Amino acid sequence: METNILSVCYLVGSVSFIVGLKMLAHPDTARKGNLVSAAGMLIAIVATLILSQSAGKHLHNYGYIATGLVVGGVIGTIAARKVKMTAMPEMVSIFNGMGGLCAALISVVEFGRLTEGYPVLHLLIIVAGLFIGSVSFAGSMIAYAKLSGKMKDVTFAGQHIFNFVILVAVLVLGGLLVGGCFATPALIFYIVVALSFLYGVMFVLPIGGADMPVVISLLNSCTGVAAACAGFLYNNPVMLTGGILVGSAGAILTVLMCKAMNRSLKNVLIGSFGKSKVASAPGKQGAYKEVSASDAAMILAYAHKIIIVPGYGLAVAQAQHTCHELEKLLIDRGADVKYAIHPVAGRMPGHMNVLLAEADVSYDLLLEIDPSNEQFPTTDVVLILGANDVVNPSAENDPTSSIYGMKVLEVWKAKMVIVNKRSMRPGYAGIENPLFSEPNTSMLFGDAKEVLQQLITEIKTL
Amino acid sequence: METILNFIQNNLEMFYVVILSIFLGIEVISKVPSVLHTPLMSGANAIHGVIVIGAILVMGNAADDNYLAITLGMIAVIVGTLNVVGGFVVTDRMLEMFKKKKKPVVQKENQPAK
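In order, the protein sequence lines correspond to chains A and B.
Taking the numbering used here, the leading residue of the first sequence gets 1, the next gets one more, and so forth.
Taking the numbering used here, the leading residue of the second sequence gets 1001, the next gets one more, and so forth.
The hints are simulated quantities; they were obtained by calculation from the structure and are not laboratory data.
All values derive from a computational prediction rather than experimental measurement.
Ideal placement from N, C-alpha and C gives every residue a C-beta, glycine not left out.
Hints are not guaranteed to be accurate.
To spell it out: a stretch of chain A is covered by chain B in this simulated footprint if at least three of its residues, at any positions, have a beta carbon under 8 Å from a beta carbon of chain B; those stretches are [said to hold, decoys possible]:
#1 64-70
#2 194-200
#3 291-299
#4 382-395
Below are the DMTMM-like pairs computed for lysine to aspartate or glutamate, each with C-alpha atoms no more than 25 Å apart in a straight line [stated by the list, open to error]:
#5 A/Lys460 - A/Asp447
#6 A/Lys57 - B/Asp1064
#7 A/Lys328 - B/Glu1096
#8 A/Lys22 - B/Asp1064
#9 A/Lys84 - B/Glu1096
Label pairs and their calculated CB-CB ranges [what the hints assert, rightly or not]:
#10 B/Glu1002 - A/Val168: 46 to 54 Å
#11 B/Phe1023 - A/Lys259: 17 to 25 Å
#12 A/Phe162 - B/Phe1015: 18 to 26 Å
#13 B/Glu1002 - A/Lys266: 17 to 25 Å
#14 A/Ser7 - B/Phe1023: 19 to 27 Å
#15 A/Val172 - B/Glu1002: 18 to 26 Å
#16 B/Phe1023 - A/Ser294: 27 to 35 Å
#17 B/Phe1023 - A/Met151: 32 to 40 Å
#18 B/Glu1013 - A/Lys152: 35 to 43 Å
#19 A/Ile78 - B/Phe1015: 37 to 45 Å
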C-alpha cells in the first residue's frame, strides 16, 4: 500500500516537472511554472521520507536527514534572497555545482556499499554518475570563480592535449574498473574521483568569461544526467525523469545560446578566447572623441528616435532604475525610445531582460537583435551603456578578431552613437573595439549611474 | 552482449522513460524566447536538485555505525537541498520581476496562441 502511494507521488512529481518546465518557457506562466515544479519536488521529497522502504524497513537516521534538509534549506534560501540580481549567473553556477557534488557523493557512498557479486552495470552507473557529477561540481566552481572575477583565464601550451589525456585516462580507468580488471578496485576508484575533479577544473580553466553562460548551461545539463544516473541506481522514476528532462533541456538551451552568440559548441570548448586575445590586442585603438554630459543631454533631448543599448556596465553600476527614469523623461518629451537587447547582454542570455524588468521597464520597449538592426539606420542617437563586445564591428568585418562571426548590434549604422564606459579598457572578451574611433561615435566616460543622473538633470533644465 | 541485452530487457520501462524524456525536454525548450533563457536555466537547475532524494535514500539506508556513509550522506543532503531550495527561490525572484510588467506581455503572447 505504502509503496503504491509512493509510486503515485513520484508520478505526480515527474508530471509536475514536465508541466513546470513547459510553463517556464512562456513569459506569462513562467512564475507559476516554477512553483508547480517546486510543489512537485516537495511532494516527491516528503513522500520519500515517509513512505520509502528498503527490504521491508522504513528509512532511518531521520535526525541526520532532517538536520541536513534544514541546514541546506536555510543556507539556500538566505543565499538566494540576498544575492544581487547582477550576481545571478554566479549563484546559478554554485547551485549547479552543489547538485553535481551531491551526485558524486552518492556514487562514493554507493561504491563503498558494494559487496561481492554486484551486477557490472550497477558499477557502470555508479562510475558514470561519479564522473559526470565531479566534473560538473569542479567545473561549476571554476565558472563561479571566473564570473565573480576571482580568477583569470589560464592557458598554457599543450593544454588541449593535457585535457584530452586526462579525459582518456578517466575513461580508460573507469572502463577497466567496471570491467573488474583490478585487484584493488577501491584505490582505482579514488584515482578516478581525483582525475574527474581535475578534468572538471582543467576543462573550464581556459574558457573565456564571455563563453561562461554556455559552459554553465552545459554543466547544468551534465548535472541533470548525473541525477538520472542516480535515478537508475535506485530505480527511482522521479529522479530519472527529472534528471533526463534537465539533461536534454539543458543541452538544447546550450545549443540555443551558442546560436545566439553565433559560436559553435566546439569552438567554445576547444578554441578558447584566450589565445586570439594576444594576437588582436596591441596597437589597434585609434583616436576617439569625448563628449560632455551636458552636450550629450542636448543631443538626446532633441533627438526623435533613440535606441538605448544596455550592457554589463549598466548592470554593474545598478543603473537600471536611473536608466528607466531617463527613458521616461525622453518619452515624455516626445521622443521614440527603445532598448536594443543583445541575446547575451549582461552575462547570460536574458540576463539584461531580468534586470530591466526589475526596474519596471515596459516589455514592448525591448527589441531583440534582428528588429534592432532593422531600426538602427533610421535612428538619430544610439546610447550605449556599458556594452562593448556586443556592438563591436570587428565581429562583422575583421576575420582575425576572436569574436568574428558573432551576431552584433549594428549600432554604427545610426546617425550618432554615444558610448558610456568607465574607461577605454576592453570588454569581457578582452579585445579592442573600432566602433569607439568611428567619426560618428562620441565617448561619455563615467560610471553609468552617475552619467545617467547627470543626463537627467541636464535634460530637465533644458 | 548477453548482459547488456538482459539489462535492457529487465529495465525496459526505464529505457522508454529515458528516451521519451529526452524528446520531451527538447520539445518543451525549443521554442523558448531568449528573454527567458536565464530563468529557464535556473529553473532547470533547481529541478535536477531532485538528486537530493538519492542523498536521502543513501542516508536512510546507511547502517547506524557506518559513520563514513552518514557523514558523506549528510553533506550530500545539505548540498542537494541547497540546490533545490536555492534554485527555486532564485528563479522565483527573477520571475517576480517579470510579473509587475506582465500585462502588455500577456496580451502580446496570448494573441498568436489563440
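Hint check:
no.: 1; hint: 64-70; verdict: holds (count 5)
no.: 2; hint: 194-200; verdict: violated (count 0)
no.: 3; hint: 291-299; verdict: violated (count 0)
no.: 4; hint: 382-395; verdict: violated (count 0)
no.: 5; hint: A/Lys460 - A/Asp447; verdict: holds, 20 Å
no.: 6; hint: A/Lys57 - B/Asp1064; verdict: holds, 14 Å
no.: 7; hint: A/Lys328 - B/Glu1096; verdict: holds, 22 Å
no.: 8; hint: A/Lys22 - B/Asp1064; verdict: violated, 42 Å
no.: 9; hint: A/Lys84 - B/Glu1096; verdict: holds, 14 Å
no.: 10; hint: B/Glu1002 - A/Val168: 46 to 54 Å; verdict: violated, 28 Å
no.: 11; hint: B/Phe1023 - A/Lys259: 17 to 25 Å; verdict: holds, 20 Å
no.: 12; hint: A/Phe162 - B/Phe1015: 18 to 26 Å; verdict: violated, 37 Å
no.: 13; hint: B/Glu1002 - A/Lys266: 17 to 25 Å; verdict: violated, 37 Å
no.: 14; hint: A/Ser7 - B/Phe1023: 19 to 27 Å; verdict: holds, 23 Å
no.: 15; hint: A/Val172 - B/Glu1002: 18 to 26 Å; verdict: holds, 24 Å
no.: 16; hint: B/Phe1023 - A/Ser294: 27 to 35 Å; verdict: violated, 59 Å
no.: 17; hint: B/Phe1023 - A/Met151: 32 to 40 Å; verdict: holds, 38 Å
no.: 18; hint: B/Glu1013 - A/Lys152: 35 to 43 Å; verdict: violated, 48 Å
no.: 19; hint: A/Ile78 - B/Phe1015: 37 to 45 Å; verdict: holds, 41 Å
When the structure is compared with the earlier hints, violations turn up for hints 2, 3, 4, 8, 10, 12, 13, 16, 18 and for no others.
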